[in-house]
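Take these sequences, add in the hints, and give me the full structure.
Read top to bottom, the protein sequences are chains A and B. Each residue of the first sequence is one higher than the last, beginning at 1 in the working numbering. Each residue of the second sequence is one higher than the last, beginning at 1 in the working numbering.
Worth double-checking, as some hints may not be accurate.
What the hints assert, rightly or not - Just so you have them, the derived chain A footprint on chain B, three or more residues with Cβ under 8 Å:
| no. | stretch |
| --- | --- |
| 1 | 57–70 |
| 2 | 143–153 |
Said to hold, decoys possible - Stretch by stretch, here's where chain A covers chain B in the computed footprint (C-beta under 8 Å, at least three residues):
| no. | stretch |
| --- | --- |
| 3 | 44–50 |
| 4 | 106–117 |
Stated by the list, open to error - Estimated spans, in silico, between C-beta atoms of each pair:
| no. | chain 1 | residue 1 | chain 2 | residue 2 | range |
| --- | --- | --- | --- | --- | --- |
| 5 | B | A158 | A | A526 | 26 to 36 Å |
| 6 | A | L510 | B | K57 | 49 to 59 Å |
| 7 | A | E494 | B | A155 | 25 to 35 Å |
| 8 | A | A526 | B | D204 | 54 to 64 Å |
| 9 | A | P145 | B | S54 | 21 to 31 Å |
| 10 | B | S26 | A | P145 | 27 to 37 Å |
| 11 | B | T100 | A | L628 | 40 to 50 Å |
| 12 | A | P612 | B | T100 | 53 to 63 Å |
If you are wondering where the hints come from, they were derived from the structure by calculation, not from laboratory data. Cβ coordinates follow ideal geometry from the N, Cα and C atoms, glycine included.
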Amino acid sequence: MTVPSFTLFERLYRYFSARRRLLFGATLLVIALSLFATSRLRIQEDIVAMLPDDSSSVAEDFRLMQLAPFTKKLVITLKGGEAEDTEALIAAADALAQELRSADIGLVTTGPADLDGSFFSWLGAVLPSLSTNDDLALLADASTPAQVQSRLRDGYEQLLSPAGWALKGKIQSDPLSFSDLALEKLRFLNLIPNMRLVRNHFVSADGRSALLMVDSSVSMTDSAGSRVLLDRIDAAVAAAVPAGMNATVVSGHRYTLVNAETIKRDLYVVLTLSIVAVFAIYLFFLRSMSAIFVFLVPSAILAIASGAMALWVPQLFAVTLGFGGVLLGIVDEYAMMIYFSCRQGGRDPAVITGEVSRPVLFGAMATLLSFGVMLLSSLPGQRQLAVYSMTGIVAALIVSLVVLPHLIKPAPEGRLPLAGLMRNWRLPRRAVLGVWLVLLALCAWQATKIRFNGDLRAVSMVTPELQEAEDELVRTWGDMRGKALLFAEGKDLEAALALNDRLFNRISGLIPAGELVSLAPLLPSAALQRENGERWLNFWQQGRAARLDQDLAREGQAYGFSKAAFAPFLSTLGDAPPAATIEGLRRAGMGELADSLIVQSPGVVRVLTLVPDTPELVAVLSEDLKDLPGVRLVSQSRFGDNVGRAIIHDFTRYLGLTSVLVLGLLVIVFRNPARILLVLVPVVTGMVCMLGIMGMLGLEFNIFNIAASILIIGLCVDYGIFMVCRLTEGTDHVANRSVLVSGLTTLAGLGALALARHPSMHSIGITVLLGIGTGIPAALLVIPALCNKGMVDNVDDVDGMEPKK
Amino acid sequence: MTRFIIITALLLFAAGPVAASGVPASPALFEALEKTAGGVRTLSSDFVQEKHLSMFKTVMSSKGRFYFSKPDLLRWEMTAPVASGFVLKGDKGRRWHERTGRTENFLISQEPVMKLVSEQLFAWAKADFAWLRKEYRIAVLGESPVALRLEPRSAATAGFLNHLLIAFSADGRYVRSVELHEKDGDFTRIRFVNTMVNKQLPADLF
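What follows is the structure, given as structure tokens:
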């Protein structure tokens, strides 16, 4: 029979036959330039690669989460010995802070800005502007004649004590302790739940730990920068922390570093194993010097694809580069098909190239379609991966079909290694089909048990030490990093504060003061402050101020207070009160706190409120705050679920679309339902068995399993195309051999990832191992077993099967 | 001649403040005081406190007892007009008030005002000039007996305290009187009388 072929590649072969030096030179030049471009590539190990960058709520939530007070900070807990020695702890914290500052790692904080008297003076002065209706009721109770008498006696006795000289100003300006009301409002600003201030240092409730915070300019996703940063911190700890104390660092940098180092270790182990295994497979099946070129084609493709990316983007996501291994697995089968066809020889190499180009191009088109759909993804990492893979596949096609045929010499007498074994390998077709159907049914049943886990943390490396440090941080300081965030958004500060007032009114009844962090009690909107101020003046002008003046004079006389003793206090009851402003807060030493909770960007101001991130509260707030436009709830725990859902949705859409497009391609190419179904046998088998076995073993299906499914589809469809082309169009036995050898190299190369410690690489390895491991036998055994005379022209020549009766 | 008069006048004006605030203290004087006070293990004394505060019509007077035992035990006990006081033991403290009948323990590190008070009291009782020189600029007003004027170095303390005047006993072993002068002109004077040095103190005092 006549084997269909693409004459373009036949003509190209003939053209370059006389110009091989030019061809090889140009190829080497492209590879060299690509390597040069690749060397300039910068790797971005960023979770951003796996987060949608569209206008979806997940993308917006991620952007907002970066604004949380502790997200970008390094938190260092300095723990003292068993005995509580706060002085020694503070001294050690100061020494460590000094050492860290000398190491130039960023802004180091051991406590709030110096809260001297100016803060309490400011608080006392603005109290009228902060007082609500309920507050005024409390003040009415605190200014009865009996209270006045009691407070003045307390004040008098305090003034007699040695501490009196430090309290004089306070007693004079606030004899009835109205500031207690203001201090109550400070309870809503406790960002660190289990913290108390000792000499302006953050000290734990049990007095055994001190807290240092570092604002570093090193990005949390920069692994090299994180290494330098953490090394400097370790050196500072070694130099400054005395024996008997220890320091623990918790920050995103540590997660980045642990993950990057685990991946590096894994790659070393996996690549070593893969190279040895792949080389052994080549030795066993290829046994020729020209096999070296087959080995070099995928490597050259990696360089070309990476070099092309370097021209396109300044930074390549690490996940994209990591997928390079997958690309290797895909493109080596094209080279393998060319190799075996050319080695078998017996005809004009140009004709062979033309013939073999057809299944290779069909397979490549199916794979290109699969990756092309990924361009529609909302995940930047996926889109980049699509471009990377498609570039690699196109390059692989060109190198395999144009360059490689010139490098492979036919084997003597066309005899390929293990030819006898391949020809005489026969299995009873009924048994093959029976086993296949039983396996398929069993796996389809078990696949229903598989559980999806969309949480990004499930594919992140968290060492026991890191987990312990995180747990210790929560035990010592409370859950300071795990709060849910509520953003009140306005076009300017006043609008944002006004919305924040409404938000606080809505939620303050639901959450205890110690667990709710809000600026609203201390910095209401100007409009609300005016309202409060007017209410304050009205309250005192109803004769209360005059009565209080008389009571203070009468009761004060008994203790010797002068008539003017409380004039500063009495003036606050009748004068228009000053407003609390963000500038005032800063001057009073609360600037850092205010800046943590007010995020100003051009055209938009967001005021942040923190609440406990419990599923119950988040559910209640999500419902309650629906009618408060401009308020946005960002729950860190819910975010993980949302990202997972978004990714799963993205991939599901992708898988569906890919299936439709690949099916469409098969319909166009094969135009025969039976043949199309045959092509799909390996991919269906691979996918069902992979899901079924994972379900059977109780393995969860995560986002990397989904990503690796792309590879199974791409490869298994290729296997199907190669096998069906061979069986129906007579491209001889090379397809069997190509499928078997490229499948084995893929298993060796990518299946080795199953040995990796990093969850993401391990997941890819498991998926490939199960999917390809079952897809290859399906291609080699089940497709021939399912062929019948009406479908194929040379069925009697089916390898691995008994002839049909 | 005119020029001579101007220079003389400038010199006289320049000399005036120096004379009023004393001359800078020499390290030798501190060493001598520290050496003398170094032999003090315990102190017990009566005190009389006078507060000259503008918010009171008259001077507020009170009296009581003061005890100190090296290295870090201190008792400040007011007997009139209100019986109250406190005991400091290292970082821990206990205060009581007879009228309310309340006694409570506290940690000095958690009470900024008591921290300030305890630092001052211990520094004078121990004659800890290393700490005092770190916190204050010290000038000598007289050498026999020693009288010092201290001005706070930190802006925070200077916000409410203008200066301190300290007078030592003739033998230099203990402080005879302390005056705290505030920014607004108010001041407090504490005189220590009947002071006994190195007398055995009952353990239950602290």
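Should the hint that T100(B) and L628(A) are 40 to 50 Å apart at their CB atoms be regarded as holding? 48 Å, holds
Within 54 to 64 Å or not, the Cβ separation of A526(A) and D204(B)? 59 Å, holds
For the stretch 106–117 of chain B, do three or more residues have a beta carbon lying closer than 8 Å to a beta carbon of chain A? Contact hint for the stretch 106–117 of chain B vs chain A: holds, 9 residues under 8 Å.
So does L510(A) sit 49 to 59 Å from K57(B), Cβ to Cβ? 52 Å, holds
Consistency of beta-carbon spacing, A155(B) to E494(A), with hint 25 to 35 Å: 34 Å, holds
Chain A over the stretch 44–50 of chain B, status - at least 3 residues with CB closer than 8 Å: violated (count 1)
Test coverage of the stretch 143–153 of chain B by chain A using CB-CB distances below 8 Å; three residues minimum. violated (count 0)
Taking the beta carbons of A158(B) and A526(A), is their distance inside 26 to 36 Å? 35 Å, holds
With respect to the beta-carbon atoms only, verify the hint that P612(A) and T100(B) lie 53 to 63 Å apart. 38 Å, violated
Using the C-beta atoms of P145(A) and S54(B), is the stated range 21 to 31 Å upheld? Between P145(A) and S54(B), where Cβ atoms are some 25 Å apart, the hint holds.
Taking 8 Å as the C-beta cutoff, is the stated coverage of the stretch 57–70 of chain B by chain A satisfied by three or more residues? With 4 residues close enough to chain A, the hint holds.
Range first: 27 to 37 Å. Now tell me if the beta carbons of S26(B) and P145(A) are that far apart. About 58 Å separates the Cβ atoms of S26(B) and P145(A), which means 27 to 37 Å is violated.
Checked against the numbered hints given earlier, this structure breaks hints 2, 3, 10 and 12; the rest are met.
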